[in-house]
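Protein chains in written order, with the numbering used here: chain A, 1 to 221; chain B, 1 to 203.
Do not take every clue at face value.
To be verified - Computed list of lysine-lysine pairs in DSSO-like fashion (alpha-carbon distance at most 27 Å, straight line):
no. : chain 1 : residue 1 : chain 2 : residue 2
1   : A       : 37        : B       : 51
2   : B       : 117       : B       : 73
3   : B       : 80        : B       : 165
4   : B       : 73        : B       : 51
5   : B       : 150       : A       : 110
6   : B       : 150       : A       : 37
7   : B       : 165       : B       : 117
8   : B       : 165       : A       : 37
9   : B       : 70        : B       : 51
10  : B       : 70        : B       : 80
11  : B       : 73        : A       : 37
12  : B       : 70        : B       : 165
13  : A       : 37        : B       : 70
14  : A       : 161       : A       : 110
15  : B       : 150       : B       : 70
16  : B       : 80        : B       : 117
17  : B       : 165       : B       : 150
No wet-lab data here; the hints were simulated from the structure.
The structure presented is a predicted model; accordingly, all values stated were derived computationally and were not measured.
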Amino acid sequence: MSTTLSDVIDHLAGIEPGSHLDTLRAQRLQARENAQKSYLALFEPEYPGTVTALERYAVATFVAGLHRQQTVLDFYRAALLRLDRPDVAELIDAEIARASVRGPYGRYPKGPLSAEDRDGPDYRVLSGYEEILGTRLRAALEHAHLLVFRPRDASPAALQKLLDAGWSTTDIVTLSQLVAFLSFQIRVVAGLRAVAAEPAHDAADLDRGPAFAGLLASGTV
Amino acid sequence: MSEQTLSYPDNHEPVAFTQEELGWLPWLEPFPADQLTERHWAGLVDASRAKSPYFLLLARDPDILQARTKTDKDIFYNTKDGLPRAERELAATATSRVNGCIYCASVHSRFATQYSKRGADVQRLLDEGDGVDIDSRWNAVIAASVALTKTPHEFGSEQVRDLRKAGLGDLEIVDVINGSAFFNWANRLMLSLGEPTLPAKHA
Numbered sequence: 001m002s003t004t005l006s007d008v009i010d011h012l013a014g015i016e017p018g019s020h021l022d023t024l025r026a027q028r029l030q031a032r033e034n035a036q037k038s039y040l041a042l043f044e045p046e047y048p049g050t051v052t053a054l055e056r057y058a059v060a061t062f063v064a065g066l067h068r069q070q071t072v073l074d075f076y077r078a079a080l081l082r083l084d085r086p087d088v089a090e091l092i093d094a095e096i097a098r099a100s101v102r103g104p105y106g107r108y109p110k111g112p113l114s115a116e117d118r119d120g121p122d123y124r125v126l127s128g129y130e131e132i133l134g135t136r137l138r139a140a141l142e143h144a145h146l147l148v149f150r151p152r153d154a155s156p157a158a159l160q161k162l163l164d165a166g167w168s169t170t171d172i173v174t175l176s177q178l179v180a181f182l183s184f185q186i187r188v189v190a191g192l193r194a195v196a197a198e199p200a201h202d203a204a205d206l207d208r209g210p211a212f213a214g215l216l217a218s219g220t221v
Numbered sequence: 001m002s003e004q005t006l007s008y009p010d011n012h013e014p015v016a017f018t019q020e021e022l023g024w025l026p027w028l029e030p031f032p033a034d035q036l037t038e039r040h041w042a043g044l045v046d047a048s049r050a051k052s053p054y055f056l057l058l059a060r061d062p063d064i065l066q067a068r069t070k071t072d073k074d075i076f077y078n079t080k081d082g083l084p085r086a087e088r089e090l091a092a093t094a095t096s097r098v099n100g101c102i103y104c105a106s107v108h109s110r111f112a113t114q115y116s117k118r119g120a121d122v123q124r125l126l127d128e129g130d131g132v133d134i135d136s137r138w139n140a141v142i143a144a145s146v147a148l149t150k151t152p153h154e155f156g157s158e159q160v161r162d163l164r165k166a167g168l169g170d171l172e173i174v175d176v177i178n179g180s181a182f183f184n185w186a187n188r189l190m191l192s193l194g195e196p197t198l199p200a201k202h203a
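Same shape as in the complex, but just chain B (with noise of 0.2 Å):
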């Protein structure tokens, strides 16, 4: 007798990629909050996320979780003599909007928009998807994303070339492919173990 799945027939997803704050469904059961041991604490790292379905998920497996927050983490949050914080942010949400992540891409659009001040162009990005034209820097970071996301790849020198015209340097190049590399990761676990929720005003 295999173990089910978890269903949600009167669930509203979202049908469209939103700034808004989405919820998440988890279609497989979450490990119980009340059974963590101390490696599934070191797993979910910081302990607020034992309120997040999503990550009790995750914590079936500890060790692997807790290396990919780790990375996560500095990727997006170490900014020394590198890529500004939106920019990271820009890249997350355009690769989430090429993997058509509706929820990774509400996350990060919002953080795009909180670091850069620019919530119009952000709101462009997602309606208009990866030919959207918006200025040279933030074109390159796009491009470059969407060049790395496709499979196979389609990253090679002409986004290594277009990136150093709109000025990044090497270590901001890397924080691109960083990020863009991490949300084709965290997309795929979004995506597949569980689906997106409008939040309760719209059901």
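For reference, chain A alone in the conformation it holds in the complex (with noise of 0.2 Å):
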């Protein structure tokens, strides 16, 4: 199941080794390599403890179909079918459609905000996926939902769910780490795609950089 890649941001991004991108990405190091460690802590962990493989990637496939972000869900999907879980792909290709919305919604505790409050849908899995899905991934997919789509509307009962379908206190943990991490992680690769994507006016600029410094270097400035 190793991937040999070595940042899997720059993968989905398109970041080529000497690029623009890449050389900003270098300027934040130690995001870039921590971004890439938070990764592999979720995906390739030393230390799984009880959430398995196919918890891991069914619901990462999920949350990147979710936010529309095809280069993301092909990415983790293909890790998904890795697992020989043909079945579990096609019914969470399935719940993608159903359950896809726009958000942030949901409500504010009562009071000056709830004229703010946003209703939406409470996300269920259809009922019958429960065989192939298992008690644990149908109640993960359906938390997933609600972090993606309306995180204000989490409540201990949401949490209790999780824990009477079988996951732990520190299967929450991680659960609950995978989905924000892919929140971000999906959109670093947006926005870095999108910085990509429009060319830069200030290329000047960066191109005077670099001769700039080597007047100043040289002492005739």
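Mind docking these for me? Both chains are given alone in their own frames, and the hints should help you get the complex.
Okay, here's the thing in structure tokens:
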């Protein structure tokens, strides 16, 4: 299951070594390296505990699909298929189509912010899928939808559903980190792609930069 | 017999966005502080975080916590050649405002105020939300964070162009993207694993 990719965000954002974006990311090296370590901690964990690879990749495929990010979806779906569960992958494809809405929505604690409450669906996996998904994965997909689209609707009751479905407290921390991390990774990829796609008006400045630095270094200014 | 969540029927939850200092109460049992191993301490990164129920809860999976914390620190503290800290905190605040994380918004709006000395402008973002009109540079940072925070995201060439027009270089734009993206991570943990609480004087 091990990936040979040295940096998943670079891979997903199409960043080539030596490119403008590569140079920018290199200036935030600790963030870049630890975003990768975060990916590894969640998807190739040294201590996986009781959260299975199938659960991790199935939830990731669902979350990437809900964000409508095809490149990211393809990446996690391919990993899910390598686990030899095409039945789960197909079911998740269907659920992505059923569950896709626009967020964030949800409710605030009653008060002045109630005017900003926005209603939206409380997603449930289609009944009858339990045999393929199992109780745990079914509950995880429903919770992932809550985290992706309406995090402000979260509640102890939502966590209790996970506990009742067989997720331990520690498993829930891992699941929550996984969904929340993907919310980060997907946006970094999208943001970097947008920057790369918009030719820099300051390209001239970038070209001037090193030359100007050279002048400074030579002491001629 | 499954485990149980924690609940706080007497908690006074804040009902508005604020720059005041709030507390946070976990809905799941944090890892017991007296049982922390070396791996947990490594996950916490700063020993002082062992006093926080939030970080003790996250310490149940220490490896992802460690990588997350180090990502966080570089995105917010490494300002070399990039976006000033104040505007990173502004991106974090705008993101938290959109997602509805009153706790996260309180912490990072205080930082935005501390580093910018523009507490009234920061408060307007909290009060008025994502449509607030402050100045071209802050508007561009806020609008970019808002667009990136929607699901599916709405961040594209328009936001990149507006950030450049407002004077941001590409490394600064990457700092905005990282700051907002990171708070999409943080907001989801804070909102879903516990609840904010008002300081004692309000209770």
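So, going through the hints one by one against the coordinates:
Simply put, residue 37(A) and residue 51(B) have alpha-carbon atoms about 25 Å apart, close enough for the 27 Å limit, and the pair holds. Proximity of residue 117(B) to residue 73(B) is assessed by CA-CA distance (about 22 Å); at most 27 Å being required, the pair is judged to hold. This hinted pair checks out: residue 80(B) and residue 165(B) have alpha carbons roughly 21 Å apart, not beyond 27 Å. For the proposed pair residue 73(B) and residue 51(B), the alpha carbon gap of about 19 Å is at most 27 Å, so the pair holds.
Annotation: proposed proximity of residue 150(B) to residue 110(A) holds, straight-line Cα distance about 23 Å (limit 27 Å). Taking the CA atoms of residue 150(B) and residue 37(A), the gap is about 26 Å. The hint holds against a cut of 27 Å. With a C-alpha separation of about 24 Å, the suggested pairing of residue 165(B) with residue 117(B) holds against the 27 Å cut-off. The suggested pairing of residue 165(B) with residue 37(A) is violated, with an alpha-carbon distance near 34 Å, which exceeds 27 Å.
Taken as a hint, the residue 70(B) and residue 51(B) pair is honoured in the structure, with Cα atoms around 19 Å apart against an allowance of 27 Å. Under the criterion of a C-alpha separation no larger than 27 Å, the hint pairing residue 70(B) with residue 80(B) is consistent with the structure, at around 16 Å. Note on residue 73(B) and residue 37(A): the hinted pairing holds, with a Cα-Cα distance of about 14 Å set against a maximum of 27 Å. For the proposed pair residue 70(B) and residue 165(B), the alpha carbon gap of about 31 Å is over 27 Å, so the pair is violated.
A distance of roughly 10 Å separates the Cα atoms of residue 37(A) and residue 70(B); the hinted pair therefore holds under the 27 Å criterion. Taking the CA atoms of residue 161(A) and residue 110(A), the gap is near 24 Å; set against the 27 Å cutoff, the hint holds. Restraint check for residue 150(B) and residue 70(B): satisfied, since their Cα atoms lie roughly 25 Å apart, inside the 27 Å limit. With a CA separation close to 21 Å, the supplied pair residue 80(B) and residue 117(B) stays within the 27 Å bound.
As the CA atoms of residue 165(B) and residue 150(B) are separated by approximately 23 Å, the hinted pair is consistent with the 27 Å bound.
When the structure is compared with the earlier hints, violations turn up for hints 8, 12 and for no others.
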